[in-house]
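Student: If you're matching them up, the sequences are chains A and B in order. Position one of the first sequence corresponds to residue 1 (UniProt numbering), numbered consecutively onward. Position one of the second sequence corresponds to residue 1 (UniProt numbering), numbered consecutively onward.
All clues stand as given, with none of them false.
Since copy identity is lost for identical chains, a pair holds within one copy or between any two.
DMTMM-like cross-link-like pairs, simulated, lysine to aspartate or glutamate; straight-line CA separation at most 20 Å:
#1 K361 x E270
#2 K393 x D460
#3 K361 x D431
#4 K471 x E482
#5 K361 x E272
#6 K361 x E273
#7 K179 x D352
#8 K471 x E501
#9 K471 x E493
What the hints contain is simulated information worked out from the structure, not anything from laboratory work. These numbers come from a predicted model, not from an experiment.
Protein chains: 2
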Amino acid sequence: MSFRIRDTDLLGRSGTFSVGGRSVDTPAFLPVIHPVRQLVPGPELLAMGFGAAITNSYISLRNYGHGISERGGIHGVVNYDGILMTDSGGYQVLEYGSIDADPLTMAEYQVEMGSDIAVVLDRPTGISATRERALETVEWTLRAARDTLPVVERTRGRMAWAIPIQGGLHADLVERSAKESAALPYDVYSVGSPVELMNSYRFTDLARLLLTAKRNLPPERPVHLFGAGHPLTMALAVAFGADTFDSASYALFARELRYMTRCGVRNVGELEELPCSCSICSRRTPRELLEMPREEAVGLIARHNLYVLREELLDVRQALHEGRLWEYLMQKTTCHPSLYGVRSLMVEASGDFTEFTRLFKRRALLLFGHEDVHRPELMTAASRARRVSPRGKSITLLIVHSVDVQAAPSAGDDVYFVVPFLGLVPPGLSDVYPFSQNSKPDPTSIDRRVLEETARASADAVSGWGITSAKIVHNGSGWAAEMAGLLASRLTERGIPATVEVSHV
Amino acid sequence: MSFRIRDTDLLGRSGTFSVGGRSVDTPAFLPVIHPVRQLVPGPELLAMGFGAAITNSYISLRNYGHGISERGGIHGVVNYDGILMTDSGGYQVLEYGSIDADPLTMAEYQVEMGSDIAVVLDRPTGISATRERALETVEWTLRAARDTLPVVERTRGRMAWAIPIQGGLHADLVERSAKESAALPYDVYSVGSPVELMNSYRFTDLARLLLTAKRNLPPERPVHLFGAGHPLTMALAVAFGADTFDSASYALFARELRYMTRCGVRNVGELEELPCSCSICSRRTPRELLEMPREEAVGLIARHNLYVLREELLDVRQALHEGRLWEYLMQKTTCHPSLYGVRSLMVEASGDFTEFTRLFKRRALLLFGHEDVHRPELMTAASRARRVSPRGKSITLLIVHSVDVQAAPSAGDDVYFVVPFLGLVPPGLSDVYPFSQNSKPDPTSIDRRVLEETARASADAVSGWGITSAKIVHNGSGWAAEMAGLLASRLTERGIPATVEVSHV
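Start from the sequences, fold in the hints, and give me the full structure.
Tutor: Shown next, in the form of structure tokens:
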């Protein structure tokens, strides 16, 4: 097993995961292949670019038993020549109950199947578990992981092993589960419970669960997020640190004639036309899908859904590559109000993001609303700006919409720009990314809260310098006057008397 | 010529435009077909679903002269069997100068070409014109339109005629151009100058130009927006009232190996993978495009760009059909900061939108940020709510996150809900759309400005009732207390003393 990281952005990364002679680019979406009722043949999944998939070991055990190796293992059974992860079937064990499905049995069976990424039999926490019950699932799963270790050691090199992180909505238990899991010699961490959170549209809780786990796991190892492969959650999963995620939604939705779009799901009957360019949709109408035999329509919609998931994945990867995952995830939050809370979590996690978010990019930073004041790139840039402290005890702060390298006063004058979103910019750093390489709404369209938060951040930066007075200069336009007033108040609160002047120069 | 309107939403509408025995669904994107150098053959455009296209009469005149009718007219020359609009070539006339290109000559030539939608020879205003120059273009174009009338009358029934609206950024001149054009017997209004605005990313100015024109044109007739067929501007064009729009961008971008996405444009060399499911992209890599002969790559990218434009168009149409064009356009504004100002313009135009925006929809209203407080549906709903006036002089206002039909107090108590985004909701209207059929961020994720603007709107509504006191009740949570405080202040400002109480019932 190897995991090579190429690019990083926020807590996301792109890279290559290799095991047993096969490789897949990450972040990767793993379509669920049902071991028995397969909707889209394995070779088609591979041809669409899904180089890894996931199937279920418990259902395989019940259906194929120990004869599976004679059928070419699980790759032969499901006719898929990519990397195959095998879910341990914790949910199914809970549901159907079975005494023979103990951790060692399931581990040995996954070896027998020829799994590429086996998962320790877990006890899923779910989202309605009491703290007591959640603790039980954490401890049960950790015990199972320890019991499984002999099999892990015996098969090392041939296959990868994933340890499930439990705890659900109990953050302290997720932390404990992650910390103790991190101490065990597993290759992959797979974070549990997302499906229930997704089904109830609790996307912020989902992101927080992943963030909590991620904060307590070694950053160099891959993280799988169970079930989060949905157009609404893929960007979120990647931004908060998942490298792989799976989902059966493409097939489950298709069976109900539910048609995925990049921003939601529709019944085929609700569509006027098929708004997609894939081979299924570009020459068909919704009516044609509704009038053909249902099984045929289900198969076609499943393929369309896979195309949508693939598009979303490729867009997320490109955003990560360009270092604009923040912008991309912000956009996704406009798909549904339940995603809106993710914005605050992004602001909260900005400190986590800074370490892995490159400051320099080829593209301008795009700035929109007040959350963007807290972009990790701007936090990093601000900490540089703060180090350019004044020589004297008095400073001049020029309110400008954009820094103008030409018009920059000389640094010796203890003059600084204050720019919406960017905050304090020493003229000497004007041409350093992203101070000059950004795009923001025009002056009259900037949200008041952007001005408020810029003023607060700028005052905080200045207050570390031990200065005794500040002169704020603006050009007299409405937004600049407002910004100047806000800044003066924030400075005064911090014990720095500030005057405001208008200069039309 | 006939134009049948099916659905309306904001100032947009869907319908069918028919002329000369051919029909096209609107809103429609008309790809530009160059009369000589054609990048994508006409039959392919038709097969992709582009049932109308636009070409240039001036370039045709220079290249094919009066022999064009022997070649099967312009449809034969460009091998396109859909509705063909012919731009008059105002820009080209300005650029190359030509004494024989007077309005009547160009009108007669468009008849000779077999144009389906001919355009009066215009003098484009552009965006850098002084007021004097702009006035000149308005008057010149109106004069040309009057001079062309004999040809229009002679060919009525066989073809449609479009009159260009000039004035550019001079709103009063756009108004005059639109008003005087509306009085003339033309079939289509085509709004000029968007291309320059788009090239300089002045999207808010573009929307305002269209809004100004639209306010002064008869709503039942079709409006064409020159050049605005771009993934970033299509939703905007439709929302502000354009039925058709054209663009050559698919081809112009392709010639520079520029690859469209739904949210922007990239050089093919910047892409890691091709994030699209169209027949061009689903089996190719960016490298393959870069390594093939350039002309071949240009042709393929042009086709991909057309697929992206088609997807955007279909998504806009579906949003219009579902009555959620507001949500869709809000999403688009997160593609680039230059679009952010469009949000304020949407709020400003909400009064224009209400007339054509259906109140009842099959889908829940999705509410995100403070602009959504001013959604046309909520304005209409609020005016109903205001009519449910209290019996007495004192009212009780219950701050709630969502109206609960079960828990609704009886109407006789002069009790009202106050709900973020929705404002004042009389319990008797609780189950009326959209008071119960909406989705909003969870309580802790609602922007403060939403609370502020809800408080202001609610206080305005109450202040019309002549009441003398108000009791505000909330459940003690942070956001509800803040909302209660804001509401109390707004009421007090309006001369209505208000008390605030906490009730955990």
